[in-house]
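Can you build the whole structure from these sequences, using the hints too?
What follows is each chain in one-letter form.
Protein chains: 2
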Amino acid sequence: MTAPLKLYTAATPNGFKISIFLEFLGLKYDVQKINLRTNEQKEDWFVKLNPNGRIPTLTDSNTGVTISQTAAILQYLADTYDKDHKFSYKFGSVEYYKQLEYLIYSVAEQGPITGQLSHFTRAAPEKIPYALERYGTDVKRILGVLDEIINRNKDNGLYFVGTHYSIVDFSVFGWARSAGNLGIDLDQWTYLGKWFKELSEAPEVKKGIEILQ
Amino acid sequence: MTAPLKLYTAATPNGFKISIFLEFLGLKYDVQKINLRTNEQKEDWFVKLNPNGRIPTLTDSNTGVTISQTAAILQYLADTYDKDHKFSYKFGSVEYYKQLEYLIYSVAEQGPITGQLSHFTRAAPEKIPYALERYGTDVKRILGVLDEIINRNKDNGLYFVGTHYSIVDFSVFGWARSAGNLGIDLDQWTYLGKWFKELSEAPEVKKGIEILQ
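Keeping their order, the protein sequence lines are chains A and B. If you read the first sequence in numbering that gives the first Met the number 0, its first letter stands for residue 0, the second for the next number, and so on. If you read the second sequence in numbering that gives the first Met the number 0, its first letter stands for residue 0, the second for the next number, and so on.
One thing to keep in mind: the hints can contain errors.
As the list claims (entries may be wrong) - Covered stretches of chain A, as calculated for chain B (at least 3 residues, CB under 8 Å): (1) 24-36; (2) 65-74; (3) 86-100; (4) 103-109.
What the hints assert, rightly or not - Dumping the calculated BS3-like pairs for lysine-lysine here, alpha-carbon to alpha-carbon at most 30 Å: (5) B:Lys-139 / A:Lys-126; (6) A:Lys-153 / B:Lys-47; (7) B:Lys-139 / B:Lys-196; (8) B:Lys-206 / B:Lys-139; (9) A:Lys-47 / B:Lys-47; (10) B:Lys-89 / A:Lys-47; (11) A:Lys-196 / A:Lys-27; (12) B:Lys-82 / A:Lys-82; (13) A:Lys-32 / B:Lys-139.
If you're looking for bench data, these hints aren't it; they were derived computationally from the structure. No residue lacks a Cβ here, since even glycine has one placed at the ideal position from N, Cα and C.
Here it is, written out as structure tokens:
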């Protein structure tokens, strides 16, 4: 019997990735919503869990693990609760390292750069054309790379790696959705647009988003 | 007998991380320097290896793996060539997930944000005070978080995880060095400053940097 996991999170692109994956895994989890407007994530009790003071953070009383950083949480959940590899690939396999490469791509480039575009579009107190151009161009380049990754794998289906959805798809989804919300039409990329539409319609995705609202 | 690895790289913060780790591992590797000034990393032959068109990329004829993204390369090398866990922690252990969390922190926050500071300080054609302030402040916050991570582990020594250097230390080193080169005095953080000085003096670090010059 697995005790429910505890997820400290909020309705953000990174937050959605984890709740979506937990829905696919069918695991029980308790959500504690963190109020980003009052900077609850910088309070002492939370910084003890995550020195970086950002959501999402997961604690698992079954293993004693406390973990932050979206990609690390996804990989931890796959290692621990996806032993049949329905949403991940076997440790050490060629697919495992493709999964790791693209998982990290999604958090090391797609996430930070789309995050900057979002900031300069919505949050910055002044419009800075240079920054909007810089990040707008790079987000489109990155979405093009993601399209090409699906293209290279398309004989297996519309997935980033192998023959089924994996933690890469859930990780890419969070900020791809945000790019759409920032006015970038994902359908300009043949494979990425179709991939996004299909994954968006999965009940697990809808529930993973809804639970954080 | 292990065939030499092939490393496509350049003298950048991300490039250094891999050559430094390869030096610590004592592995044979052939370096192919990629000319970033002529955008060699965007040429067709290279994009076949890495759809993102960025260095570093590693190919390993011993396993058939081709891999990009600095954190993925570091983890791959640890899994494959550090079976005694001299510079990494055992798959599935509590330390392994701390290692994964901080490894990802280094590539998902430290790297991208320091990269933006570097761009707006050195490469952007105009000085944009808002961007310089935004990234300057966040780089210092991140370096403070890294200092706190070492602080929490200091009873074990000046390491990010456990009782020895690991792929986290090599990953953090690349952009910590850059922050220093951008005029940020790392000694303002007690533990991070000492950690940086000690690691900088390791012969493997010096050789890993020198080999890319």
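Distance restraint between Lys-139 of chain B and Lys-126 of chain A, which requires alpha-carbon spacing of 30 Å or less: holds, 25 Å
30 Å limit on alpha-carbon distance, applied to hinted pair Lys-32 of chain A and Lys-139 of chain B: holds, 28 Å
Holds or violated: Lys-206 of chain B to Lys-139 of chain B, with C-alpha atoms at most 30 Å apart: The given pair, whose Cα atoms are some 28 Å apart, holds under the 30 Å limit.
Satisfaction of hint between Lys-47 of chain B and Lys-153 of chain A, Cα-Cα up to 30 Å: holds, 16 Å
Per-stretch coverage check for the region 24-36 of chain A, three Cβ contacts closer than 8 Å to chain B: The restraint on the region 24-36 of chain A is violated, since only 0 of its residues have a Cβ under 8 Å from chain B and three are required.
Pairwise hint evaluation, Lys-196 of chain B against Lys-139 of chain B, where the allowed Cα distance is 30 Å at most: Satisfied, since the Cα-Cα distance of roughly 18 Å is no more than 30 Å.
Distance restraint between Lys-89 of chain B and Lys-47 of chain A, which requires alpha-carbon spacing of 30 Å or less: holds, 24 Å
Pair hint outcome, Lys-82 of chain B versus Lys-82 of chain A [Cα-Cα no greater than 30 Å]: Judged against 30 Å, a Cα distance of about 22 Å means the pair holds.
Coverage assertion for the region 65-74 of chain A with respect to chain B, Cβ distance below 8 Å, three residues required: holds (count 7)
Pair hint Lys-196 of chain A and Lys-27 of chain A, alpha-carbon separation not exceeding 30 Å: holds, 27 Å
Chain B over the region 86-100 of chain A, status - at least 3 residues with CB closer than 8 Å: holds (count 6)
Pair hint outcome, Lys-47 of chain A versus Lys-47 of chain B [Cα-Cα no greater than 30 Å]: Cα-Cα ~43 Å, so violated.
Comparing the model with each earlier hint shows violations of hints 1 and 9; every other hint is respected.
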